[in-house]
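Starting from the structure of chain A, add chain B where the hints point.
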Amino acid sequence: MREPPLPPLLDARQRAGLGIFLAAALILVPALHLVFPPGHVLHVSTYTVTLLGKIMCYAIVAVAMDLIWGYGGILSLGHGLFFALGGYAFGMYLMRQIGRDGSYRSELPDFMVFLDWKDLPWYWAGSEHFLWAAALSIAAPALAAFVFGYFAFRSRIKGVYFSIITQALTYAAMLLFFRNETGFGGNNGFTDFKRVLGYPITSPETRLALFGVTAGALALSFLFVRWLVNSKYGRVLTAIRDAESRAMFIGYDPLWFKLFAWTVSATLCGVAGALYVPQVGIINPSEMSVANSIEIAVWVAVGGRGTLIGPIAGAFAVNLAKSWFTVSFPEYWLFFLGLLFIVVTLRLPRGLAGLWRAPRRKDAPPEAEP
Amino acid sequence: MSVRDVLRGIIGIELDENDPFGRPARRRTLDISHNVILYLEDITVSFDGFKALNKLNLTIDAGELRCIIGPNGAGKTTMMDVVTGKTRPDSGTAFFGQSIDLASLTEAQIAHAGVGRKFQKPTVFERHSAFGNLELAMTADKRALPSLVARLRDEERDRIADTLRLIGLGGEADRPAGLLSHGQKQWLEIGMLLMQDPRLLLLDEPVAGMTDDETMRTAELFVSLAGKHSLVVVEHDMAFIEALGGRITVLHEGAVLAEGDLAAVQNDPRVIEVYLGR
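Heads up: the sequence lines are chains A and B, in that order. The numbering of the first sequence is the working numbering, which starts it at 1 and goes up by one. The numbering of the second sequence is the working numbering, which starts it at 1 and goes up by one.
Because the hints were derived from the structure by calculation, they are not lab data. For glycine and all other residues, C-beta sits at the position ideal for the given N, C-alpha and C. Hints may contain errors.
[Stated by the list, open to error] Lysine-lysine pairs mimicking BS3-like chemistry, simulated, CA-CA at most 25 Å apart:
id : chain 1 : residue 1 : chain 2 : residue 2
1  : B       : Lys121    : A       : Lys158
2  : B       : Lys51     : B       : Lys121
3  : A       : Lys54     : A       : Lys194
4  : B       : Lys86     : B       : Lys51
5  : A       : Lys158    : B       : Lys86
6  : A       : Lys54     : A       : Lys232
[Said to hold, decoys possible] Chain A stretches covered by chain B per the calculated footprint, using a threshold of three residues with CB under 8 Å from any CB of chain B:
id : segment
7  : 91–103
8  : 209–217
[Claimed, not checked] So these bits of chain B aren't anywhere near chain A, every CB distance computed over 12 Å:
id : residue
9  : Ala111
10 : Glu135
11 : Ile241
12 : Ala255
For reference, chain B alone in the conformation it holds in the complex:
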């Protein structure tokens, strides 16, 4: 247990890892001067010999809305695990902007740096109210001891109420999240991501289980978020992907198979082979 860890956890002082005098660090700032928000280079992840990712190269531009498709086992979820720090790559580098090396940070630090993630299965805090879920997700001092005395300010309350309206849960603020419908939970989780004010959103099958109407409203929301945020969406629903209208990356066996707009990808013979050929 290093002095740095203890100080960070107990009294909330973050010390700069590279500073010889151990002075408090500034908040990690995202450098997108080359207009790229995410670089994955030669990322390899293997589980018991199975290569979930095999020298994956992927770059996401700042403000971009990128769709990732691919058959089961192509490595889509593993790719998100690597970006969010859940899985450490065996080799390769992952950079958030120009300067933040994702391999050196914990999940919580990556979240603070500005990466938000939505899980494949909607994951909300079922015992907490919809309001409470958004409150916990909101950007704030998220260390243990400061949270003992944390109080909601009026403008924070307003921000939560605005987000609840945006995700169509304005009337469900006090309802335990566990009692919401599947689609409402998906929206609540998206709302939690928005409260984090992330620069990069990773969305794993965000419209699974939604009605067609909900799916199209989700697409509208995502398109409106692009530009201010960068979005990476993993989906199987082609109507949804078409409505998003962004660039598409096809993953296959842990590597990029094709990249381009929807028409180009759909006419790519290798993509057709992967999807229909077996």
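Next comes chain A alone, as it looks inside the complex:
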């Protein structure tokens, strides 16, 4: 019963890359931000720290999307919903942390005072506790994904039909969250946060701590999903993607394989959303808009599906381009995004990840691959 050793999760090059990433995120960026004064050439500005922190949250979403789309073959156009659910769940805690420092000097969040509510709605119970909010930001998207996924996959809804239903789902949720009666701040959502865990939310130290936690979460998400897709589970998942009925007739029930990947993917989005809100300082229903969810798919397509590292690169490339464009040429951003999508589809079917893989493939004939 001796088992052969598992192949390592990362090769030497990837371990080095991960090390460099963590060193940059946990040491270099904080040092440059704190040590050098604003205006110094080596100073990393608050804007840059926030921008990179935000993009790392998006990169977690891209990894989650790659699990379900790249490896599971299931295109979700509603992943923004799970991201927003995580964000709202953690945002409830941040709203409670404001305490009596809001405009109305009330224990209740400002928007509730404005609506003339006297008590917190029942689903806000416990939201003053950090751990409860953190657990909720994982559990709420996981539960929503599990219930929706169970019925969708059991009914064998696939392909474009599934994509359209996910889009409708996030749109419906957006309309629901737009309503003031829903109890999540309506149109304005949550903002004006003051503290997290008692620390002032805009202080450099808090920002850098959130930045570091996000970098760690991105690294862990990447490693976890990589472990998942390398396991036998992952091979069955891709087998179901490529030939579902063959997989069924050798005894795998696609429902549970898809549902697990789907729920894990939604959970990672929830984590990303919870980390996003304190850094960006706002969450509102526009995060659930259809366009946001489509953009997630664009990051993954640009980066290269089924590579994990590609979608991370895609999230960075597209969002850095976006932040530059929307400042310099705001009216051209959507044209550029469309152009990028067309160029990648036509010229780079494997996305950015294909750029650094292609040369290595040419040296070796496919037969020689291990």
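Showing chain B alone in chain A's frame:
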């Protein structure tokens, strides 16, 4: 969503559907005490009014090698769809052995009960290696969460290597299945069936696209499998059917037209009428 479904999928506990206390069920055991492995009785399947199967009656003995022939549209593939759970019959009963009602099981459950199927068009996992294809097909705990931590044991590796040699792919273990030739894919799919260790194999045109030599080697393999397994082979290639030498059932318009050995079937005037008369 019932508690039973959730438990089965999430934590891998199978509850007995008929047990009032919901205790875990034993693995469905195949009862072939009457020496019959498959009963199809009065099976009718219609698609938009067209009767693909029309009160089909068919029994397969344990260990038998049965050939099914018939013109296009006779219902051969639909018959396999019914047995494997892909299509639910409008009426009639399908039993695997004495006790397993195929109508109550999903495709995956039927596969676990011991029915293996080869498709008309070779269907393998093209991105996975030949070895990987056999590994996924191998009898194992095939639920989602247990597969997260599943590892190959040495004897399982050996079994896969033996099967690769048996199907003539010993040298192609690491090659992506998508790069194999058509005939090799057919053999790989047969190998996947063998890894499942099924009691009943349904083979839909297994030698389509094979060379004559490959066809005859396939026939030898199937004859050697009969006895331990029961085989139902749908084929048009008469030389192959002759080499298999089993009983032959002729389907026509969704029902059995004739049954017997090759000579009897070939001389049956109704069969000649169906094949040549129009």
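Status of the stated non-contact between Ile241 of chain B and chain A (beta carbon gap over 12 Å): Given that every Cβ of chain A is farther than 12 Å from that of Ile241 of chain B, nearest at about 24 Å, it holds.
Given as non-interface: Glu135 of chain B, which should sit over 12 Å from chain A by C-beta: violated, 8 Å
- prompt: Can we confirm that no CB of chain A comes within 12 Å of the CB of Ala255 of chain B?
  reply: Label holds. Min Cβ-Cβ 25 Å, cutoff 12 Å.
query: Given the hinted pair Lys158 of chain A and Lys86 of chain B, is their alpha-carbon gap at most 25 Å?
result: Holds, at roughly 16 Å.
query: Given the hinted pair Lys54 of chain A and Lys232 of chain A, is their alpha-carbon gap at most 25 Å?
result: violated, 33 Å
message: Run the distance test for Lys54 of chain A versus Lys194 of chain A: straight-line Cα separation, threshold 25 Å.
response: Holds. Lys54 of chain A to Lys194 of chain A sits at ~18 Å (cutoff 25 Å).
query: Per the coverage rule (Cβ-Cβ under 8 Å, at least three residues), is the segment 91–103 of chain A covered by chain B?
result: violated (count 0)
Proximity test - 8 Å, beta-carbon atoms, the segment 209–217 of chain A to chain B, at least three hits: violated (count 0)
query: Going straight from one Cα to the other, do Lys86 of chain B and Lys51 of chain B come out at no more than 25 Å?
result: Since the Cα atoms of Lys86 of chain B and Lys51 of chain B sit roughly 17 Å apart, the hinted pair holds (cutoff 25 Å).
query: Between Lys51 of chain B and Lys121 of chain B, does the CA-CA distance stay at or below 25 Å?
result: holds, 23 Å
- prompt: Holds or violated: Lys121 of chain B with Lys158 of chain A, Cα cutoff 25 Å?
  reply: holds, 22 Å
field: No chain A beta carbon within 12 Å of Ala111 of chain B's
entry: violated, 4 Å
Hint compliance for this structure: hints 6, 7, 8, 9 and 10 are broken, all remaining hints hold.
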